[in-house]
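Asker: Next come the chains, spelled out residue by residue.
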Amino acid sequence: MQFMLLFSRQGKLRLQKWYVPLSDKEKKKITRELVQTVLARKPKMCSFLEWRDLKIVYKRYASLYFCCAIEDQDNELITLEIIHRYVELLDKYFGSVCELDIIFNFEKAYFILDEFLLGGEVQETSKKNVLKAIEQADLLQEVCVLATCTGGGRFSPSSTRGGSALCNLWSGACIAQRGISGAAPSPHPQFLLATSEGALELLCSSIAVAHPQNCSFV
Amino acid sequence: MALKMVKGSIDRMFDKNLQDLVRGIRNHKEDEAKYISQCIDEIKQELKQDNIAVKANAVCKLTYLQMLGYDISWAAFNIIEVMSASKFTFKRIGYLAASQCFHEGTDVIMLTTNQIRKDLSSPNQYDTGVALTGLSCFVTPDLARDLANDIMTLMSHTKPYIRKKAVLIMYKVFLKYPESLRPAFPRLKEKLEDPDPGVQSAAVNVICELARRNPKNYLSLAPLFFKLMTSSTNNWVLIKIIKLFGALTPLEPRLGKKLIEPLTNLIHSTSAMSLLYECVNTVIPILKSPVLARNNTVFLYVEKLYFVFFPPTVKYLGLLAMSKILKTHPKSVQSHKDLILQCLDDKDESIRLRALDLLYGMVSKKNLMEIVKKLMIHVDKAEGTTYRDELLTKIIDICSQSNYQYITNFEWYISILVELTRLEGTRHGHLIAAQMLDVAIRVKAIRKFAVSQMAMLLDNAHLIASNTQRNGICEVLYAAAWICGEFSDHLEESNQTLEAMLRPKVTTLPGHIQAVYVQNMVKLYASILQQKEQAGEKEAAQEITQLMIDRLPQFVQSADLEVQERASCILQLIKYIQKLQIKEVPVAEEVIALFAGELNPVAPKAQKKVPVPEGLDLDAWINEPPSDSESEDEKPRTIFHDEEQRHSRHRQPEIDEEELARRREVRKQEQANNPFYIKSSPSPQKQYQDTPGVEHIPVVQIDLSVPLKVPGMPMSDQYVKLEEERRHKQKLEKDKKKKKQKKEKKGKHRRHNSLHTESDEDIAPAQHVDIITEEMPENALPSDEDDKDPNDPYKALDIDLDKPLADSEKLPVQRHRNAENLKSPDTEAPLVGKKSKKPKKKEKKHKEKEREKEKKKEREKKVTEEGKKVVCVLSATYDIQGNLQNDSQVTVSVIFENKSTSFLKSMELNVLDSLNAKMLRPEGSSVHDGIPVPFQLPPGISNEAQFVFTLQSIVMAQKLKGTLSFIVKNDNGSTHEKLDFKLHFSCASYLITTPCYSDAFAKLLESGDLHMSSIKVDGISISFQHLLAKICFYHHFSVVERVDSCASMYSRSIQGHHVCLLVKKGENSVSVDGKCNDSTLLSNLLDEMKETLSKC
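If you read the sequences in order, they're chains G and S. Under the working numbering, the first residue of the first sequence carries the number 716, and numbering increases by one thereafter. Under the working numbering, the first residue of the second sequence carries the number 3, and numbering increases by one thereafter.
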């Protein structure tokens, strides 16, 4: 596969992954051309089209177009399945995914894609394994974040919607982070790690008191 | 301090995170660009902060902006910073950003080499994973070369997660660095039988991709894949394997027979469409072999395909598969002709194009006219010029394929071509023109008809030329003019045609067409002149001459040089003829002699196929090469200049290409400065209009929405009818004949290389036509190699993989500490035979600096430049490490830092080998060759390179002299510089810190085969703890046991010497007792230690 593009019905690019190194200018040109071509097609038309010396395979899910470019000898149908599998993965991870999920957590969408495809080839055919890898990497990230958090530093933006894929404890931690969303050091990270929802409420309310302006989570 | 921290945190609270940014952009729909530029300013501020979390956040936002189309290449360096963060959260973002915006042109990419290598060997599998993923997107040839070995090691990582990523990325590495394929291949092959299915499928993926490009090298893997195919149940893997077989079967027909059964089974059993499709695609070519061709399964496939792929979204694939079947089993597809013709009406352009492709293969003599007729209807209906152009090319392709094999009536074909000229706005005028020329030249019998048609075209040129797309259809006039001129004998109303060619409107045509007009009107004139003279009509002959003289001046004034030159030349000629005519001298014979002889078609490849005669060296100089100064002198003669250069280019193509470009540049400059030089002229038409005094009759153009039927032009349709009647008659006649004498054969004498199907043979051509084959030189070499594309990126991977690996093919990876064990098992280490005993150290010193971590010496190169300013250009720091895996090698890592403001490149390091210590050079290079440093250094950048040394004996310290040469490049040009240094290999550098337990330590001491020695150092003031740390650090020892102010320590040399120390601290002194297998080594070690300790 040469590249994958996700764009909305309005022609806004939502995700792009290039497996061939091209300069930004070329990328932009190709994207613009393809988005136009694909959007101009009617729903009943077939999912494949020939474009330059490549074949374009695209499919529309809700308001999003998933569009892949493959080489001449590649199998179009398996590419459709790759697209579908990616959508399934996104769906599992975000819990019935919508365009907004991908907009706001675009880096997560990339991470999932990276676990599924590498260099344009299918890397892992098992859905379970892909999700597992993502969860564990996320877990690693959360630990980092909590550590940063206790150090008084600011943590990087991290997904909260990803929580559904994590266990409750972690989603708790996520929510807590979102609440803190600034400099406030989380009071007892070990405590947070070791307990579950009960403690979480406690924590949340304490944060709510300290930072009422940040309490969008309740 | 605390206050500062709090302040910092509060500041950061107001930073936007990604979500805020996205939300902000969505809220500023009207002034998005302004909002984003504001955000970019903020991001720039954030990137200046030291806090890596802030930076990561900023980079994350940038990645989002990059997707929106904003340029973020300016932040490449910050991205690298974030990539090298220690925390996974940040690293992940860094690599994501890198994979999104780095490409081969990104110059900072070479700075990532060491960072990536570090991440690849990280104990955390997700760090490694993220680095591999990132690398897959931006791997460059340099990165591939430097990291190939590291990635190859990862292919045997304990975690399947890493293994599969490493295997997949190897494909990208092979593409960028083909030399790595052979060393890595055995390991890749192993992975086909990996216990983890993910790794296995990754390996199948990679090998399949490799094999598809160069199948013959992978034939030996067929049995293995066959086993995999029959055992695997994973559709993803199966598809890849089947695709691989698809590539292999054309090379090994026996494989096809074996495959047919499992594939048939799969086709019948699978429910996955993608797999079915792949199977069918592979089966079709297999069935080509004659043994299997009669197998009726193929029909079954066609049917199955048809029903399976009928839903509109995938109709396309059905057509695609059919086109594959068509190649081998045309008949089974031909029965679907009507369905395919229906597809031409489909809304979807890609379906229509596919259907067209199919038609191309389906035509026969019988149905050609019918199919083309249908296509012509589509041409008329078609909206959108692209599709119409596509149709046009297809019609021509279909008709002209395999040397006009299917055309039975060339009159019909010419009329089709003429009809096509009526298309508005097509780009393919030249294509039609080429066909007209080709047919007219090669089919002698058709010339008369063709000429009459072309004359008609010329007569109606205003219809064609009025077309606004200038470069479009008017190209056919080029062909028309040439045909009318060349074959003017066949022309019935030459006068009329000549007049048509002399119309003033002609001057609006593009220059090259006018040029052809001018040339051919003389031919025409010549033949008219002859006719008239033979008929004795002198008056008429003079009239026609006068006409020429009257009209030619309009071409003499043309802006096009070619037209102008030809016209003035011919004008003079005709004026001369006129003079002769007045004297009543017959001139026609002489004029016609100008164009005597026939032009034969020459094959386009003819020149290439002429073998170079023996003893002819095309590259050799014929004359002495002209000196440079001579060519300088010639420069002002710009007009002739070009010509001369062209001559010399034949003699010496390589040099002159560049030279030419340079000169052209110079000339342009010159011309730009020359006030008398008129720069590129405006379009010929414009100039024409500006020219006063030219006969210019304004022509009222009629804008017709419906293309005009050119009066008198034949309609191709009528030929279809005629043809049918003719065929019918022919058939009847034939039947009669057959009854009379069955043996009499009729048919195809007219074609040289045609393949007729049985049904075709019945149709005799309308005219007895001779198609002249293109001429080839007599001694042409039969070759078909000229079709290969030399630029194919995959060609580099065409490597024989079964040949045993040679030493020289080892990956020339920079060896890192433990790089040695990374070599593939099949790689024979070239150094195994030599057992050597001494590690060495490199020193570059001038100012010695002791660094905290290891003994490092630094030398700064001072270069005196013109102003006697002392400028420090380059500093190099080195560190020597013993190599655990190889008892006679040490690795020297050198960090080069560019301290100047210039660019450093072409660095090459060379060391004068001693008997004992030698630098490991690539195979085939002599001992005097330096090793190039695999990177360049922009100002202020440092990077690390490693060099490996082999040693005979390690019991003694050693010094090696060396030189580092490099090129300093700055605005003033580049200078070549040298830096001399000494490498100091201390004995301690041969030691490897090895932990030892106290009981093992006690046993070792008891064994009694160790030599003993001791030293004492006075005046020690630092604490015992500190002292031990120093010994551990600088001399690579580990503490076995420590009791109060007494400690036992242990270390091992790379060649397995045990070294035991007992360190005791007195009031102000330290005593060290040592035991070791080798007394020399021990005493040297202790001496070094004494030196270290005395500095304390």
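Derived by calculation from the structure, the hints in this document are not laboratory data. Since this is a predicted model, take the numbers as computed values, not measurements. Idealized CB from N, CA, C, for every residue including glycine. You may find that some hints are simply not true.
[Claimed, not checked] Estimated spans, in silico, between C-beta atoms of each pair:
| id | chain 1 | residue 1 | chain 2 | residue 2 | range |
| --- | --- | --- | --- | --- | --- |
| 1 | S | 254 | G | 726 | 29 to 35 Å |
| 2 | S | 221 | G | 755 | 41 to 47 Å |
| 3 | G | 740 | S | 191 | 39 to 45 Å |
Asker: Is the hinted range of 41 to 47 Å satisfied by the C-beta distance from residue 221/S to residue 755/G?
Answerer: Between residue 221/S and residue 755/G, where Cβ atoms are some 45 Å apart, the hint holds.
Asker: Could you tell me whether the CB distance from residue 740/G to residue 191/S stays inside 39 to 45 Å?
Answerer: 40 Å Cβ-Cβ, so the 39 to 45 Å window holds.
Asker: Quick one: are residue 254/S and residue 726/G within 29 to 35 Å, going by C-beta?
Answerer: Distance hint for residue 254/S, residue 726/G is violated at roughly 49 Å.
Consistency note: the structure conflicts with earlier hint 1 alone.
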